[in-house]
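K.L.:
Quick note, the sequences are listed as chains A and B, same order.
Going by this note's numbering, the first residue of the first sequence is number 43, and it counts up by one from there.
Going by this note's numbering, the first residue of the second sequence is number 42, and it counts up by one from there.
In short, the hints are calculated from the structure, not lab data.
Check the hints yourself; a few may be wrong.
Stated by the list, open to error - So the derived label-pair ranges between C-beta atoms look like this:
hint: 1; chain 1: B; residue 1: 146; chain 2: A; residue 2: 188; range: 36 to 42 Å
hint: 2; chain 1: A; residue 1: 166; chain 2: B; residue 2: 94; range: 28 to 34 Å
hint: 3; chain 1: B; residue 1: 102; chain 2: A; residue 2: 166; range: 53 to 59 Å
What the hints assert, rightly or not - Derived pair list, reagent style DSSO-like, types lysine-lysine, alpha-carbon separation capped at 27 Å:
hint: 4; chain 1: A; residue 1: 297; chain 2: B; residue 2: 302
hint: 5; chain 1: B; residue 1: 230; chain 2: B; residue 2: 55
hint: 6; chain 1: B; residue 1: 226; chain 2: B; residue 2: 163
hint: 7; chain 1: B; residue 1: 55; chain 2: B; residue 2: 122
hint: 8; chain 1: A; residue 1: 145; chain 2: A; residue 2: 68
hint: 9; chain 1: B; residue 1: 187; chain 2: B; residue 2: 167
hint: 10; chain 1: B; residue 1: 226; chain 2: B; residue 2: 302
hint: 11; chain 1: A; residue 1: 145; chain 2: B; residue 2: 409
hint: 12; chain 1: B; residue 1: 167; chain 2: B; residue 2: 226
hint: 13; chain 1: B; residue 1: 302; chain 2: A; residue 2: 68
hint: 14; chain 1: A; residue 1: 145; chain 2: B; residue 2: 187
hint: 15; chain 1: B; residue 1: 162; chain 2: B; residue 2: 187
hint: 16; chain 1: B; residue 1: 55; chain 2: A; residue 2: 297
hint: 17; chain 1: B; residue 1: 162; chain 2: B; residue 2: 226
hint: 18; chain 1: B; residue 1: 230; chain 2: A; residue 2: 297
hint: 19; chain 1: A; residue 1: 145; chain 2: B; residue 2: 402
hint: 20; chain 1: A; residue 1: 145; chain 2: B; residue 2: 55
hint: 21; chain 1: B; residue 1: 187; chain 2: A; residue 2: 68
hint: 22; chain 1: A; residue 1: 297; chain 2: A; residue 2: 145
hint: 23; chain 1: B; residue 1: 263; chain 2: B; residue 2: 122
hint: 24; chain 1: A; residue 1: 297; chain 2: B; residue 2: 163
hint: 25; chain 1: B; residue 1: 122; chain 2: B; residue 2: 167
hint: 26; chain 1: A; residue 1: 145; chain 2: B; residue 2: 302
hint: 27; chain 1: B; residue 1: 409; chain 2: B; residue 2: 302
hint: 28; chain 1: B; residue 1: 226; chain 2: B; residue 2: 187
hint: 29; chain 1: B; residue 1: 230; chain 2: B; residue 2: 163
hint: 30; chain 1: A; residue 1: 145; chain 2: B; residue 2: 163
hint: 31; chain 1: B; residue 1: 230; chain 2: B; residue 2: 162
All residues carry an ideal CB built from backbone N, CA and C; glycine is no exception.
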Amino acid sequence: MIVLDLLETRELLWNFTLRELRTRYKRSVLGWMWSLLNPLGIMLVYTLVFGVILDVQAPVGDPSRLNSFPLYLMCALLPWTFFSTSVTTSMASLIGNAGLVRKVWFPREHLVLATVGALVVSLCIELTLLMIAMLLVGNMVLPWIPGVIILLVLLAMFTAGIAMFLSAANVYFRDLTHIWGIIVQMWFYATPVVYPLTLVPERYRFLYNLNPLTSFVTALRDLLYDLRMPSAATIGYLTFVSFTSFLLGLVVFRKMSRRFAEEL
Amino acid sequence: MADPVITIDHVSKKFRLYHERHQSLKAAVINGRRSRYEEFWALEDVSCEVFAGQSFGIIGSNGSGKSTLLKCLTGILTPDKGSLSIRGTTSALLELGAGFHPELSGRENIYLNGAILGMGKKLIDKRFESIVDFSGLERFIDQPLKNYSSGMYAKLGFSVAIHAEPEILIVDEVLSVGDEAFRRKSSDKITAMRESGATIVFVSHGLSQVRTLCDRVMWLEKGVVREIGAANDVLADYVESATEVPSANPHGARWGTGEIKFSSIEMFDRAGHSINSLSTGEGVEFRLRYIATEPIPRPVVSFALFTNDGFEVSAPTTMEHDSTPEVLEGIGEITVAIDQLPLHEGTYDLSVALHPTDLSKPYDLWHKPFRFEVVSAPNPERRGLITLYPKWWFGPIRTAVPWADAESP
């Protein structure tokens, strides 16, 4: 039922998303280039610090035989950055649109969904470039594109769920913005982005795998770096987690959004 | 009558007035889990029904809960008790240009704002020309909004909102945007929508607007319904209660230096009978008695006529009519004669004043001490404030005849 409501007002969602996209790089000289330069910069730093100075070894792709720390890193860094940026931006966007929320009625979740939606567009561009890079080094990723798309949908749902939950809670309790700032740092290092999961001691692996982001980055590496199907357990777990997150996030958001106009 | 399109059923809304608002962790820890707040009922047990095609007005002083009720109607706020139901498409002119983004062009913003107001892309495509045309901003439509003046901004917002062409239009005192010409166009458009059968819910302080636009009115006071009924009845009671309240204005209802003061005001008909009401078009004399403690050279006498919702109909003084007396002294009577009072049916207030020639501090300024009724003559005009006693002629086209020479056939 609640998802059907979303379909009815999808034009508004589309317009909000367009607003995000159109205004994101207005008045900056390089414009859309920034959405590529930013991940490239981070890639450079992390490759230098972790790949060269700390000498983390990227595992050899199985069965792709690919061995490249930057590419291994990017497979995890792109979904991670998407997730963390989406949640942070969503929390700010609800507060930032307080004037609108106080004056007009519309399904409030669209503010969050549009933020996430606009970042999905960026992620798609970034992933396309990553796949081109993979092809250039001889990794035949094309057959795995459908898998990547499914994974992208699940990641977007998972992220939107968390973003809706946290941005709604943030309206009532503004410290959450700062708490999230710390959590996001810890979560980053708790996810095997700059190191392979194999470096984690065996007895902690189970805990590690409970982190949905671990499964997301592992699955994306399976598809693009190793060129293999992720395990059925991973796919099942991600599907479950994504749907739960999205629906729960939406229900909680709807419930909390009733008093947004007073609390913002 | 058919089922109501809007049903407000025992709606109550409470707000929290926080004493120490803590939206932060530190405050939450120090004060315990709960914030300290008082509850305040902005609306209490409000019920009413609005039927299709009606124009429903909501009046009340500031803080009476009008805007809260509108926000509940539009879904921005959720009532704590009771329920609301609306049948039909709704558009609310509460906030013009909701969601406008300064970096986007007028064109892009029309689509964005339209979507927020619930219009689909196809619908906006169809009405786009008309929206731009109404706003009168054709030349600027591809400019980013940040280059617009605030008036242009409001015009664009109003144009989009009005083109949502809803079955129910909810208006909150936004009719006064833009310049005079745009304002007239806006109110014409709303009148046209009303005539084409749209239901209108209208909130305003401007009682004359409510009077011309609405057939039923609800009067809210401190969140409670004081009266619902025919517009004229409710407005009359509202005005009466508002005038009962003593004025807090330091100038008061009457002030002045007092060298000369009015002592009484009376109204007489042609036959010389003291009256309190008359018909449109009858002759009337106002007789103002005065007492002067010293001779007053060239005092300016003035009076002003107000409708009972405070609109100033006319305010002549002796200066414009070259009638200022050389001197007034002792006691005496000033008579203002009006051959044909052109006022339509209604209740009117009279203010009177005596000023020195330089119009500095008044000797006596008496605000609305006298009230009278005008009843309608047979077959009255239905609209407007006054009659111009027009005469009508019908005949061949008289193109070559200049104005001054035009003679009635």
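K.L.:
For each hint, tell me whether it holds in the structure or not.
P.N.:
Hint-by-hint comparison with the structure:
1. B:146 to A:188: 36 to 42 Å: holds (38 Å)
2. A:166 to B:94: 28 to 34 Å: violated (50 Å)
3. B:102 to A:166: 53 to 59 Å: holds (55 Å)
4. A:297 to B:302: violated (66 Å)
5. B:230 to B:55: The hint is violated at about 36 Å.
6. B:226 to B:163: holds (26 Å)
7. B:55 to B:122: holds (9 Å)
8. A:145 to A:68: holds (26 Å)
9. B:187 to B:167: holds (26 Å)
10. B:226 to B:302: violated (46 Å)
11. A:145 to B:409: violated (39 Å)
12. B:167 to B:226: Satisfied, since the Cα-Cα distance of roughly 21 Å is no more than 27 Å.
13. B:302 to A:68: violated (68 Å)
14. A:145 to B:187: Distance ~21 Å between residue 145 of chain A and residue 187 of chain B Cα, so the pair holds.
15. B:162 to B:187: Holds. Residue 162 of chain B to residue 187 of chain B sits at ~24 Å (cutoff 27 Å).
16. B:55 to A:297: holds (17 Å)
17. B:162 to B:226: holds (25 Å)
18. B:230 to A:297: Violated, because 38 Å separates the two Cα atoms, which is more than 27 Å.
19. A:145 to B:402: violated (46 Å)
20. A:145 to B:55: holds (18 Å)
21. B:187 to A:68: holds (13 Å)
22. A:297 to A:145: The given pair, whose Cα atoms are some 19 Å apart, holds under the 27 Å limit.
23. B:263 to B:122: Status holds; Cα separation ~17 Å.
24. A:297 to B:163: Not OK: residue 297 of chain A and residue 163 of chain B at ~32 Å, beyond 27 Å, violated.
25. B:122 to B:167: violated (41 Å)
26. A:145 to B:302: violated (52 Å)
27. B:409 to B:302: Since the Cα atoms of residue 409 of chain B and residue 302 of chain B sit roughly 15 Å apart, the hinted pair holds (cutoff 27 Å).
28. B:226 to B:187: It holds: about 25 Å lies between the C-alpha atoms, which stays within 27 Å.
29. B:230 to B:163: holds (22 Å)
30. A:145 to B:163: Measuring from Cα to Cα gives roughly 25 Å; hence the hint holds.
31. B:230 to B:162: Holds. Residue 230 of chain B to residue 162 of chain B sits at ~23 Å (cutoff 27 Å).
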